[in-house]
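Sequences and hints are given; from them, build the entire structure.
Taken in order, these protein sequences are the chains called A and B.
As numbered in this note's numbering, the first sequence has no gaps in its residue numbers, which increase by one up to the final residue, 158.
As numbered in this note's numbering, the second sequence has no gaps in its residue numbers, which increase by one up to the final residue, 158.
For the record, the hints were derived by calculation from the structure and aren't laboratory data.
Worth double-checking, as some hints may not be accurate.
Derived DEER-like restraints, expressed as beta-carbon distance ranges [what the hints assert, rightly or not]:
1) A/Ala18 - B/Ala22: 41 to 51 Å
2) A/Gly26 - B/Ser107: 15 to 25 Å
3) A/Ala94 - B/Ala18: 38 to 48 Å
4) B/Asp12 - A/Pro44: 41 to 51 Å
5) B/Gly26 - A/Phe59: 15 to 25 Å
6) B/Leu53 - A/Asp96: 29 to 39 Å
7) B/Phe152 - A/Pro20: 28 to 38 Å
8) B/Thr23 - A/Gly126: 24 to 34 Å
A virtual CB, placed ideally from N, CA and C, is assigned to each residue, including glycine.
This is what each chain is made of:
There are 2 protein chains.
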Amino acid sequence: MTDLNLRDGEAAVAPPAATDAGLVFIGRIQTPWTRREACPRQGSADGPLCAIEVFAPWVEALDGVAQYPTLEIFYWMSQARRDLVRQNPANDGRIRGTFSLRSPIRPNPIATYIVSLEGMEGGRLQVRGLDCLDGTPLLDIKPDRRCFAPSKVD
Amino acid sequence: MTDLNLRDGEAAVAPPAATDAGLVFIGRIQTPWTRREACPRQGSADGPLCAIEVFAPWVEALDGVAQYPTLEIFYWMSQARRDLVRQNPANDGRIRGTFSLRSPIRPNPIATYIVSLEGMEGGRLQVRGLDCLDGTPLLDIKPDRRCFAPSKVD
Chain A
5 MTDLNLRDGE AAVAPPAATD AGLVFIGRIQ TPWTRREACP RQGSADGPLC
55 AIEVFAPWVE ALDGVAQYPT LEIFYWMSQA RRDLVRQNPA NDGRIRGTFS
105 LRSPIRPNPI ATYIVSLEGM EGGRLQVRGL DCLDGTPLLD IKPDRRCFAP
155 SKVD
Chain B
5 MTDLNLRDGE AAVAPPAATD AGLVFIGRIQ TPWTRREACP RQGSADGPLC
55 AIEVFAPWVE ALDGVAQYPT LEIFYWMSQA RRDLVRQNPA NDGRIRGTFS
105 LRSPIRPNPI ATYIVSLEGM EGGRLQVRGL DCLDGTPLLD IKPDRRCFAP
155 SKVD
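Written out as structure tokens, the structure reads:
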């Protein structure tokens, strides 16, 4: 069956069911972008202020976060298809495997982004550096790994 | 009810069911460490060679990966509890919130690591820089974000 949403050279597979582990959405990201086409290709440190709202019962887990100037945010790209193994990115037209791209389209559409923390009050963080849709589900917040003793590649 | 596995000052919550989204395990990581206590606290660029085995139908998605000297590996820390909001890390004894730690214990125990790619054959990658248990489930492989045009914080 021809999939009309595939670009030239793209390949889809019939993936196994995504039931090996389950995720809980721990919050929601608020951004200025309400359509995928409007999202920037990549977040920027001088981009607009975005808000991260952490849901109960996880607000207590934010204790100590304010000491880090930069944080790693994990979120779920809920609108991305998950079955492509080969992609033809619109921006350069070089067909290649999904794992050689940072495209949202992947078997497990988890994104990570480094953001700068601009403010925090209760369960609400103000950050810069995101690129995602308004309403994107939040999966995790971690201190930027560069705040810890580095290894050579990390 | 007292949870005997909690250290002083730690707090657990009754988390919502982890059913908001599902993950598929796309491969398996082979390391020298078969017990959690034996794992290094952090991977190192001069650590032992580890193998990443990618399962069908995802092997085709590796096309183009070999051009990147460093990759970001996402894996699932299946043995970690998910209900702590406040932790008392053994290595420093400062009690703080889960989101101010990179501990495996978190609502969604997803780890990311930057590894150096040392070799690749078919669906099997040889890498250095991991710190996880032998048999750890693989979630994703992405090019290291530093290989792309940088923003200021990213």
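Outcome of the hint check:
1. Hint check: A/Ala18 to B/Ala22, Cβ distance near 25 Å, so the stated range 41 to 51 Å is violated.
2. The beta-carbon spacing between A/Gly26 and B/Ser107, approximately 20 Å, falls within the hinted interval of 15 to 25 Å.
3. A beta carbon spacing of about 45 Å between A/Ala94 and B/Ala18 agrees with the range 38 to 48 Å that was offered as a hint.
4. For the hinted restraint 41 to 51 Å between B/Asp12 and A/Pro44, the CB-CB distance of approximately 45 Å keeps it satisfied.
5. At about 19 Å, the CB distance of B/Gly26 to A/Phe59 agrees with the hint of 15 to 25 Å.
6. One distance hint, 29 to 39 Å for the beta-carbon pair B/Leu53 and A/Asp96, holds here, with the actual separation near 33 Å.
7. Under the hint 28 to 38 Å, the C-beta atoms of B/Phe152 and A/Pro20, about 30 Å apart, fit the expected range.
8. Judged by the Cβ atoms, the range 24 to 34 Å given for B/Thr23 and A/Gly126 holds: they are separated by roughly 26 Å.
Violated hint for the displayed structure: number 1, the only one.
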